[in-house]
Structure formats: structure tokens, C-alpha cells
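In order, the protein sequence lines correspond to chains A and B.
The numbering of the first sequence is this note's numbering, which starts it at 10 and goes up by one.
The numbering of the second sequence is this note's numbering, which starts it at 10 and goes up by one.
These are calculated hints, taken from the structure and not from any lab test.
Be careful, since some hints might not be right.
Remember, identical chains collapse to one label, so a pair may be satisfied in a single copy or spanning two.
Pairs of lysine-lysine residues, derived as DSSO-like cross-links and limited to a Cα-Cα distance of at most 30 Å, are as follows [as the list claims (entries may be wrong)]: (1) K76 x K139; (2) K248 x K300; (3) K242 x K339; (4) K471 x K404; (5) K211 x K139; (6) K202 x K125; (7) K301 x K536; (8) K471 x K301; (9) K541 x K139; (10) K338 x K505.
Number of protein chains: 2
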Amino acid sequence: MLEKQNFIQAQYKREVLFETEAFEVVRCTWQKEALSKMHSHGTSQCSVLVENGVFENVTILGFNSEKTVHNAGQVFTTPLGAQHEIRCLSEIGTTLHVYSPKITKMDQALKFTTDKTALDNQLHIGQPIKWESVIQLLQQIENTSVSTHSPYFMNQLFSGVHAHTIAAESIVQRTRTTLATNEASPIFSKIEKILVSQLSEKLGWNPEVSDGICVAGGSAANMMALHCARFSKDPNTKKHGNQSRHYRIYVSDQAHYSFLKSANALGFGTDSIIEIQSDDEGRMCASELEKKISADLSSGFAPLFIAATAGTTVLGAFDPFESIGSLAKKYNLWFHIDAAWGAPAYFSKNVGLTLGSELADSLTFDAHKFFGSELTTTFFIVKNGSLLFQANDVKGGEYLFHESETLDRGRLSWQCGRGADFLSFWTLWKNLGDQGFQEAIDQKLELVKQTVELIKGNKRLKLMSQPSFLNVCVQVLPPEDIQADLKTWSLYVRKKMINDQFAMVNYSENQKDGYFLRLIIVHPQLKIQHVKDILDFAVHVR
Amino acid sequence: MLEKQNFIQAQYKREVLFETEAFEVVRCTWQKEALSKMHSHGTSQCSVLVENGVFENVTILGFNSEKTVHNAGQVFTTPLGAQHEIRCLSEIGTTLHVYSPKITKMDQALKFTTDKTALDNQLHIGQPIKWESVIQLLQQIENTSVSTHSPYFMNQLFSGVHAHTIAAESIVQRTRTTLATNEASPIFSKIEKILVSQLSEKLGWNPEVSDGICVAGGSAANMMALHCARFSKDPNTKKHGNQSRHYRIYVSDQAHYSFLKSANALGFGTDSIIEIQSDDEGRMCASELEKKISADLSSGFAPLFIAATAGTTVLGAFDPFESIGSLAKKYNLWFHIDAAWGAPAYFSKNVGLTLGSELADSLTFDAHKFFGSELTTTFFIVKNGSLLFQANDVKGGEYLFHESETLDRGRLSWQCGRGADFLSFWTLWKNLGDQGFQEAIDQKLELVKQTVELIKGNKRLKLMSQPSFLNVCVQVLPPEDIQADLKTWSLYVRKKMINDQFAMVNYSENQKDGYFLRLIIVHPQLKIQHVKDILDFAVHVR
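Okay, chain A solo, but in the shape it has when bound (with noise of 0.2 Å):
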């Protein structure tokens, strides 16, 4: 099994020239060959000067890594949330490193469940207590937290803390704005613009003509979908309402909530959401789908949009966008993509999966999820981009927007103030590019294979569908030798898993087959060893 991913190995010598509760200055003397090898998750920046000697230092910043050598008096420094191995190249060396915060918090142990009134003394506002007991206690809020950081941290759609992140974090808290005006944030509305555009450019469509906002999450994206589908319908209905139609939405069974949750705040109302039957696989039925259109139509709804979903939450499968989207075309609907998941697919060589995705009108993607940017990081992006401003403005804002029409991107939004969330994303990917982006996809895509292998090779694990995506849904079995229930077994393991503070995996359940775990490929170190771990913790649990 793995040791944990909270280690320092060390083959140099390493004395403590300063020690507090907030920094450490080390130096530390090598012989040829020394090597340091750290495993960070987010707490420790390290900065390292060459004093005498050669060193090559290679960082790992999540999907990528780098490789520099240095000479005496160069001076590199590893990101927050990364890690980092260092090696002497000349016979002996001398290192100084700043540790900020101190190095030892990197020991701490993976941490999966919480005693339920943790800290419940201390939570409530009271008397004013003093900075450094509130720093103190803020170090309690993260010794406290679940470890996502873990590679054996497999919840979320989401995984790991992220170099790039922390370090586009800083620098927007140090800037400090709002995106509702260009004034206020000049390159941040550039940048912006630019992320929507290049995205646009990767879904086929034209960039020119397309445009886009970041909202805050997928289930807003959608709900925004929908909007812009309402409004593109029937422009009347933003001075006048939804009046008396009876709009109809189609998704799959599979889709998220999230559409069952705008039907509802748009005032459409939930019986307007049509749920069309998927495979086995989990992919809707064109067929079916057609079917629910035609008899809306006779009875007299008013058929509106179609939600396709890029990765289904649960099987992570991938709707047939082509014939969706002749379709939506056939009847003249809206053609949406929940790609929160997904749209990663839209850099992998697999062009398969994402076949059609031309015809859509609008995308949701969550960068947040599998590129590890700050939460939220959603894309809401729309193939005819006027729609957006025509859509969504409205009076009352002279106090605030000043430039002409979209530059102040407030005007294509429901929100006002807003943060350079997405910051993170553009900083990943202009570190990584295109071909980063796509090695980083295709990567995890041949690691769920081998996940699969590994379910195949073991008769205690049962393979709930075949996985198109980076979500592997596996149901274990209890051993021959204990009276449990089947339906029920894997939701016992994962409680084990958890209370033993060995990893947290999540779990849904079908009607036939009972509960299953589902693991998610997601954490950009992940290796084929942690998923071992996890199955073989799976299949021991008695």
C-alpha cells in the first residue's frame, strides 16, 4: 500500500538556522546525487537560494512539471500547492530555504471524517478575541477540514489543490475588484473575454459571433440557459413574463438537478421538465426524446430546449449531441450542453465523446472541477452572443456602467459585484496550453482504463457501466463468507473507508443493482497505485 501522500524524504543534511510558528530558514548540505523529494498540499512556499554547487530542481505543478538547473547565487521558489524534488548535480552544495508557513504542517495526517461538534465552542461570534487566536483558530478550521487535497480524496468532481490557483488567488485578493465594470478591471475584463473566446473557438463555434460570462457554477449556467432560451424564443417575455405558456425542457434521466431548480426559479415550474429515459450506459435516447417532442406538441405545449449533458454526474457519460442536435434543429429548440463536467473532452485527442457539439447554442463549463481552479469557475457561453447583452440588460445602472454596452461585462450578467474567480484558469492554461490541456485529459482518460482492468481482474468488484469518462461506478461484493446484503455492501465499505481515515469515495444507486461506489479520476496526481489502494481497502473490508 502507498504511504500517504504527506511525506519528506531526505538525503541531505538540514540545519535550522530559524524556527517560528510562521517561517523556517533552513540550510542544508549536499554530496553528489542527494536528492530531496516533498510531497506539499497548499500550506508550505519554499524558496530556495544556491549558496555553492549545482542543483536541478524539478516542480510539479499538478498536470505539468518543470525541470531548471541552478548555480550557485540563483534562487528558485516552489509554489504554494506544489511539490517539489531537488538533486545535487556537483560533489557538494549548500542550500538556504525560507519556508513560509513552516515546513512541519505538512505531516499532518489525511483527515476524511470529523467529530460532529468540533471546535463547537469556538465557532460562535462573542467577545473580541485577539488576531493571533484568531489565526490560531483559523489553523484549527484547516487541521479540522476534509484533506482534498488527498489523492485519496475522490468525493467531488474535483480533486487536489492546485499551484495555479493559489498563486491567481493571491494575486486577486491583492487586486481586489469587481467585474461588473471595465474601469474597475481593465485586464480582468480583457481576460475574460478572451477565456470565452478561446473556449468558443474549441466547441467549433465562431468566436467573432459568440460570447460568454462566468457565473457562479454550472446549476447558474443552466439556469442561464435557459433564460437566454426563453428570451430568444420570445423577446416579449422579459418585459412581459412567462405569461400563460406551457413551455417544455427536455433532459435525461441522468441530467443534473440543477434544471429541475431553474424550472422552478424561472417560473416555468418543475412539471415543465421532461426527463427522457437513457441507456445503459447513461446516455439519453435520441428515440425516446423525439417521441416526448412529438406528443407535446400534439397536445399543445410549447416545446423550448433540449439539455444535453458532457459527463453525467454519476456514470459520466456523454449524451449523442448529433442526432440531439438535428433534432433541436427539426423542431426548432434550443440545443444546450451541461459540459460542467465534461468539457475537458474538449481537448482530448478522443474527439469521439464530443462529436455534434457544433450544433449546440450553449455551454456550461466548470473549470473548477477538473482543472482545479477556484470555486466557482464556470463558463456560461453562448453560440449567438448578442443574446447575452439583449437578454440580460436592463435599466437603473447608470450610476455604475459607464462604457458602451458590453465592455462592461456586468450588463451580460445577473450578478453585479464579482470576483476574477477564473483567474485560476487562465493561469493554468497559458502555463499548459492547448497541447498541456490535452495531455492532462488524455492522461487520466488511459488511467480510468487501467481502472477498469483492475475492477475486471478482481471478481469481488463489479463494473457498473463502461466508463466514457473519468467516473468509474463500481459495486463491491460482499465476501463469500459473510451474510450481507449485496444491495447494500458498498455503502458499508465506504463508511469504513471513511471512518478509517483512509479515503473518501462517493456512492450513488441504481434500482436494479442497489449502491455502488464512484470513483473519480480526477486529482492531477493521481497514479494507478492510489486506485489500487483503494480497491484493495474495498475488497478487505469485512
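Given chain A, work out where chain B should sit, using these hints.
Just chain B, lined up with the frame of chain A:
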């Protein structure tokens, strides 16, 4: 004229031990009473080790300061975003300082306008670039951004970079999790609930009955209020939609434009918004409100919702909550208070402003404005808390929500994944307590009075209305010897102020008087001298 906020004054001997791009270690030698005076703008953290001697350290955290005495061997750290001042109490002493990042970055000039083509060739994403180049670019972005950290930045309803927010955000980054479920964020979920309860108490509501949720900005909170009101009036709309009801929503003509956006999004249509005339000080006329409600009832409309404002965006006006509340009761309407900007008044000794708030059904509060929390930290609070769950929860989240009802806070929200932005507000409140909040707001209200005196004492300045909160609207009259349009002169002054990189103050207009400046008294370190500087500049423009 005050020197701008970027200076370091030192009366001690300073010896740089080593210095890199990333950090700096400095030894200082002091004599009795020698003083260091430093103004930070959030880019540098300083850790100090007292080698020998006794020192007094004053850390200015924004709204408060803390004084401590340190002896040899002790360590103190000045947080990012804070200022500090050190004084030597012993005959001689030495201290060792680690600055990270190095301190020279603090000398940059203020920037309120940016070359429109700045960084244009570097923002597009192309070939991969090295991490070091990415970091350099991020620094260029920082240097090109508007100096919102300065007290001379008054363009928005926030100003300054806050140590509390930087400290809290670093924990949010390192613990990277989502508020959707309790199991992924047990402590943060608790903290959100505590903040909501304690804010409810401040409003005079029963915290056992009320509930609330953090949403993505004041606009989203106002939208949620309308949504809850609709559900409360007719729970069937959740399933069946708005149908053909003709709801009416009453706001003052000074209310935030987000109500129009909300009426559009929620399917009411912007026509459902009825603007009620305000008086000279920007307060909604309750008698006008009643007239409109009566007229609408006679015409067969369905009055639903009154939005009063605590702190309007331009004039900072507080609507008369008592009379509005009693009308809401009389006609059985939802009574919402948009206190996005004005909520700090609930902590003030001046209770006059907020009288009648106990009658409201819901309230919007942006902690990222006055209190400088992470953008966005918005609370939507609702008196009948169970409505929040009932109005928003839908099926389909079973793969995610494993706890009983409201423990998974995502079920109360339109968002699924979201970060713990509110931790910064908790950090500040925990540090200062109610008492500190009261002092913070009352000091600023006092500064407003002094500002009004300055304006009244200068015949070239015209006060647009008597301020009741932190907005001071002032028209600059052109010099007597210049032929200029009175109505546009303030606009010219503002442009000059920005182009000279002197200050950034926003403007508005009314039909009778034309354009005027809007000073916002909100920066935590704002002194009357800063205001004097700005007014001096204004009257000297030619």
C-alpha cells in the same frame, strides 16, 4: 496634501542578510524609541524575531489595531494586508525580519487608469509558457490593475485590501472544498449557519426560526427574495410555474437595478416592477406606495412584494421601514430589505436608520462591501427559515446529498458547488465582535459628518443631499473665471482625477442638477485628510 499610501519610514539600521526575487531577510539594529512606520498594501507578509531587546508592535488590521510587547526570543507576524509599526523600548535591540514577498513591491505608485492596450499581446493563450513566465505575467497584471487598496479609491462601495480576508482566503484555498454537502465541509457548513443565526439576531428576528444562505452577490440575494415571496404566496408555482398571474413588485426609484434583472429572470417580466417615487433624500414615499398598491388591486393585478433599501447605491438612503412594513402587513405582501450596502447600520449606535427592520420577511447583506470580505460574501436571510428549503429543494441530488434535509446546505441554494467565501467575514467578526463592528461603522459615520462640514465650508462645492449613511454626493462648481457647463463639470473633474492617478471617485446624475461626484467613506484606514485631498484636488481643477 498627504503623501500617498505607499511609504516606509525607518529610524533604525537595516542590513539585508539576503535578498531574492521572492523574499528578503533583514537584520535591524535599534536604539531606544526608534520607530518603524510601514504602510502595507497587502503584498508583503513580515515575520519578526526579536533577537534581543524589548519591542512594542502595533498591527493595524483594518478596522482595529492591536498593541503587543515582545521580548528577546519572541516572534510576531504581520499579516498580509495589514500595516504595522514597531518601537524599540529597550536601550538597544536587534530584530530579524523575513519579508515574503520582498518589500520593494510596496513602493509602487497608485494606478487608477490603464493603457487600453496594456498586456494585449500577452493575455491570449497560445503555446505553453514556463511557470516563471506565468508568475511574471501575474505580477504584471497586479501592477496594471486599479489600486483598490488605496483610501483614494472610492469608486465602488468597497475599498481596501483586508488582512482578515487574505488570511481567511488562504485557508479556503488550502482546504478547497464545497459548501454543497455537510460531509465535504462540516466546519464551514457550521460556520455559515452560525453567521446566519447571529445576523438574524441583529435584525431582531428569532434565529431558531429564521434561516439563510450565502449567495453570489446582492443581486442574487434579491432574486432569491422574490423567489421565496412567490413560493410563499402560492407554493404551487414550484410545480406549475407562474401561470398567468400578474404579480406586482414595488421598489423605490432609487432601488438597485437587480430587481429589474430578477423580475426578468424569474419570468415576471420587467413590467411587474413598479417604481415608487422617492423624496429629496432618496427615501421611498410610503404614501405613494400605498396609492400604487390600491390602484393595482383595483386593476386586477396581484401585489406580491415590496423591496425597501437600506443604503441606496447613489445617495445611501434608508427607506422608512416602519411605514413600509405596516403597509406590507395591511396588504399581505412580502417585505424585503435590500441592505446589501446598508447592513453595517445594524451594528451602529444610531438605531434610527434601521427602525422597523423586525417587520421584514427577508434581507440582503453584502459583507464584501463595508466589511471587505471576499467577493462575493452575500447573505440572504429569511425570517421564516423553512421556506428556504421548501422553495428550493428538488429531487435528483440523491447522488450528492446524504444527510437529513437542511444539513446539506446545497439544498437551500441555487448553487451546487461553492466555496466558503464567508470565512473572511467570520474571521473579522470573530476578531472584533459586535463592539468592534459598532466602532468601525460609527467612526465612519462620524467621518461623514466631517466631510459634510468640509463641503459646506467651500462655496465651490454643493452638497446634493444630507447623507444618512456613508455616501456623500457633491457637485463641483466650475471656477468663476471659466465658462463651463455646471451640469457636466464634475464629470470633467472626475476624469482629471483619474487620469492624474490621484484618486478614483464615482459619479451619478439627476435631471435637475446634472452630474455630481459620489464620495464613499468606507476604506478602513480612511482619514479626513484623504477626503480633504480629494476635495482640494476637485476645486483646483481648471
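Here is how each hint holds up against the structure:
1. K76 x K139: Close across copies (10 Å), not inside one copy (43 Å); limit 30 Å.
2. K248 x K300: between (33 Å within a copy, 23 Å between copies)
3. K242 x K339: within (15 Å within a copy, 39 Å between copies)
4. K471 x K404: between (58 Å within a copy, 27 Å between copies)
5. K211 x K139: between (51 Å within a copy, 23 Å between copies)
6. K202 x K125: Result: close only across copies, 14 Å inter versus 44 Å intra.
7. K301 x K536: The answer is neither: 44 Å in one copy and 66 Å across copies each exceed 30 Å.
8. K471 x K301: neither (34 Å within a copy, 66 Å between copies)
9. K541 x K139: Neither: 47 Å inside a chain and 33 Å across chains, both beyond 30 Å.
10. K338 x K505: neither (50 Å within a copy, 53 Å between copies)
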